[in-house]
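Heads up: the protein sequence lines correspond to chains A and B, in order. Each residue of the first sequence is one higher than the one before, starting from 1 at the first, in my numbering. Each residue of the second sequence is one higher than the one before, starting from 1 at the first, in my numbering.
Heads up, a few of these hints could be off.
Unchecked claim - Output of the computed footprint for chain A on chain B, the stretches with three or more beta carbons under 8 Å from beta carbons of chain A:
no., stretch
1, 50-64
2, 131-141
3, 169-177
As the list claims (entries may be wrong) - Some, not all, of what chain B presents toward chain A, calculated at C-beta under 10 Å:
no., residue
4, 147
5, 212
6, 215
Think of the hints as simulated: they come from the structure by calculation, not from any bench. A quick note: this is a predicted structure, and the numbers were derived from the prediction, not measured. In this text, a Cβ means the ideal position worked out from N, Cα and C, and glycines have one as well.
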Amino acid sequence: MIERWALISGLKGDLDTYELIQKDLKKTPGNITLFVLGDMIGPEKNCNKLLHRLINPKSNDLQPWCIYGWWEEQILLESGYRGNQRAEALRINKGEEVVKSLINAVDKSFLDWIAALQFGFVELDCGLIHGSSKDVGDDLTLDTPPLTLLDRLTRLQVNRLFTARSTQQFHLELTEGILNSEVHDLTGNHKKEQKVPQKAVIGVGAGKNYTLYDVGTDNTQFVRAGYQSEKKKNGFGLHF
Amino acid sequence: MNQAVISCLHANLPAVEAVLKDIELQGITNITCLGDLVGYGPQPNEVIELIKEKKIATCQGCWDEDVVDGLDACDCSYPSQIAERRGHFAHQWTTEKLTKENKDFLANLPYSIRKDECLFVHGSPNSQHEYLLPDMDAFAALERVENAKAEILFCGHTHQPYIRELANGSISVKVKNSGSKDIQKKEMNLPMRRIVNAGSVGEPRHGGTKATYVVYNDITNDVKIREVEYDIELTCKAIINAGLPPIFAWRLKNGFEFAERAEDASHFCER
Ligand SMILES: [Zn+2]
Ligand SMILES: [Zn+2]
C-alpha cells in the first residue's frame with residue numbers, strides 16, 4: 001500500500017477542523033501517518049476539547065503524532081517551564097490581553113503533556129518541525145533566501161524539511177548548488193568544491209489547509225479540509 | 001591599514017603580553033578582541049585589566065558570558081564527563097576570582113562589533129557558543145556571513161586560526177506544485193565572502209604551542225596568521241599554583257587538545 005503522510009498544523013483549538021481532517025483522511029487511499037506540527041493551541045479559542053481528543057483519540061481516529069509549536073512554546077514560557085523566562089516576545093507584540101487569553105484557553109492539566117512534546121521528528125531523510133531546527137518561531141517561506149533554507153536543512157541533516165510556522169503551503173526544491181571553498185591555515189591551503197544534492201523545503205499550511213505527502217514519489221498535495229467533497233472540481237488525484 | 005584581531009585570551013597573561021608586544025612591534029594600533037578573556041587560565045583579572053588599560057574593542061566570548069550568566073554551553077559540547085567536570089571547575093574558580101568590577105565589564109561587552117564590511121563576533125553571528133570550524137559545510141558557513149550582512153566575518157572560539165574564502169557559488173531553486181502551470185525555476189549567484197578565525201592567544205589548539213592571532217590589511221584585503229612564542233612555563237606554574245586542573249598546564253606545554261573539542265555547527269542541540 002502507498003505510504004502517505006498527512007501534515008497538519010495551526011489548529012489552535014479548532015476541534016471541528018480536526019474532525020473534518022480526520023474524516024478526509026479516512027477516505028484518502030494509502031497507509032496514512034498523521035503528523036501534527038504544533039500550534040494545537042492558540043489564544044482565540046478554548047483548546048481543552050481538542051487537546052483531550054489528541055491525547056485520547058477516538059477508536060476510529062488516525063493516531064496523531066504531535067510536536068510542539070510556537071504557541072505551545074509561549075504557554076510553556078509563561079507557565080514557568082523555561083526557568084525564569086516568560087513569553088515576553090508575545091507580550092510585546094500582541095499585548096497582555098493575548099497572553100491572558102492563551103493562559104485561559106488551556107487547562108493547566110494539559111501543560112505537562114505539552115511540555116513533554118518533542119521539538120521535531122526525523123523520519124527517513126525528512127525533518128518534521130514547526131519552525132526550523134534553529135528556532136520554533138523560524139518563519140520559512142518561498143521568499144526565504146535559499147542559503148538560509150539550506151542551512152536549516154543542514155542543521156537537521158535531512159534532505160527534506162517540513163515546516164509549518166509560516167502557515168503557507170509550498171514545495172520548494174533546491175535542485176543544484178555549487179560553492180568553492182578555500183581554507184588557508186598554518187598547514188597550508190585546502191581547496192574544495194562543494195555541491196548540494198537535491199533538497200526541498202515544504203510548507204505544510206495551517207488550520208484547514210494541510211498537506212499530503214506521498215513518501216514513495218516525493219509528491220505533495222496541498223489540501224483544504226473537506227476536500228473529498230470538492231475533489232472533482234479541483235482535479236485532485238493528478239499528482240498521485 | 002593593518003589591524004590586529006585577537007581572540008580567546010583565556011586568562012593567560014604572559015601570552016597576552018607577548019602578542020600585544022608583537023602587534024606593537026609592527027606598528028599596529030588598531031586591535032579588536034573577540035572575547036574569552038577568561039576561563040582555563042590563572043590570571044583572569046590581570047588580563048581583563050590589561051585589555052581595559054589598552055582600550056581594546058572587545059566582544060563577549062562564551063566564557064565571558066557564562067561567568068556572568070551561569071553556565072550556558074550545552075553539556076554536549078564537552079567530549080566526556082571528565083572534561084565537563086574540569087570545565088565546570090574552571091568556571092567556578094574563575095567566578096570566585098573575578099572582582100565585581102571585572103564581572104560587570106564582561107557583562108557589558110557587546111555580542112558583536114561592526115566596522116564597515118567587517119563583522120567581529122566570538123563564535124558566530126548566531127551565538128557565542130557556535131563553532132565555525134574550517135571544514136564546516138560551505139553553504140552553512142556562507143549563510144552565517146551573508147545573514148550577518150558582512151563581507152568578512154571575524155570569529156574565534158574554535159582556537160584554530162584559519163582564513164576561508166567562499167566563492168563562485170550558485171544555487172538553483174524550483175517551485176514544485178505551485179498550482180500555476182509554469183514551473184518557476186531560478187538560479188542565483190552567491191556572493192564571495194570570507195571567514196577569518198583569529199585562533200587563540202591563551203589556549204592554542206592548532207597543534208602548536210605558540211599563541212596565534214591574525215593581521216588584516218583593509219586596503220589589500222590580505223590576512224596573515226601570526227604565531228608568537230611566550231613564556232609557557234610561567235603560565236603553567238601559575239595554573240598549578242592556582243590549584244587549577246594540571247591538564248590545563250600540560251595542554252599548553254604540549255600543544256595538544258584532549259579536553260573540550262569543537263563541535264560542528266550542524267550539531268543539533270535542543271537545549
Ligand atoms: Zn575560547
Ligand atoms: Zn569560546
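>> Would the hint on residue 147 of chain B be counted as holding, given a Cβ-Cβ threshold of 10 Å to chain A?
In response: Nearest chain A Cβ about 7 Å off; hint holds.
>> A closest beta-carbon separation below 10 Å is what the hint needs, so does residue 215 of chain B meet it against chain A?
In response: Violated, about 14 Å.
>> Please verify the coverage claim for the stretch 169-177 of chain B: does it have three or more residues whose C-beta sits within 8 Å of some C-beta in chain A?
In response: holds (count 9)
> Are at least 3 residues of the stretch 50-64 of chain B within less than 8 Å of chain A when you compare beta carbons?
Replying inline: Violated, because only 0 residues of the stretch 50-64 of chain B bring their Cβ atoms closer than 8 Å to Cβ atoms of chain A.
>> Under 8 Å between beta-carbons, do enough residues of the stretch 131-141 of chain B, three at least, approach chain A for the coverage claim to hold?
In response: holds (count 7)
> Do the numbers back the hint for residue 212 of chain B, that is, is its least Cβ distance to chain A under 10 Å?
Replying inline: holds (8 Å)
The structure fails to meet hints 1 and 6 from the earlier list, while all remaining hints are met.
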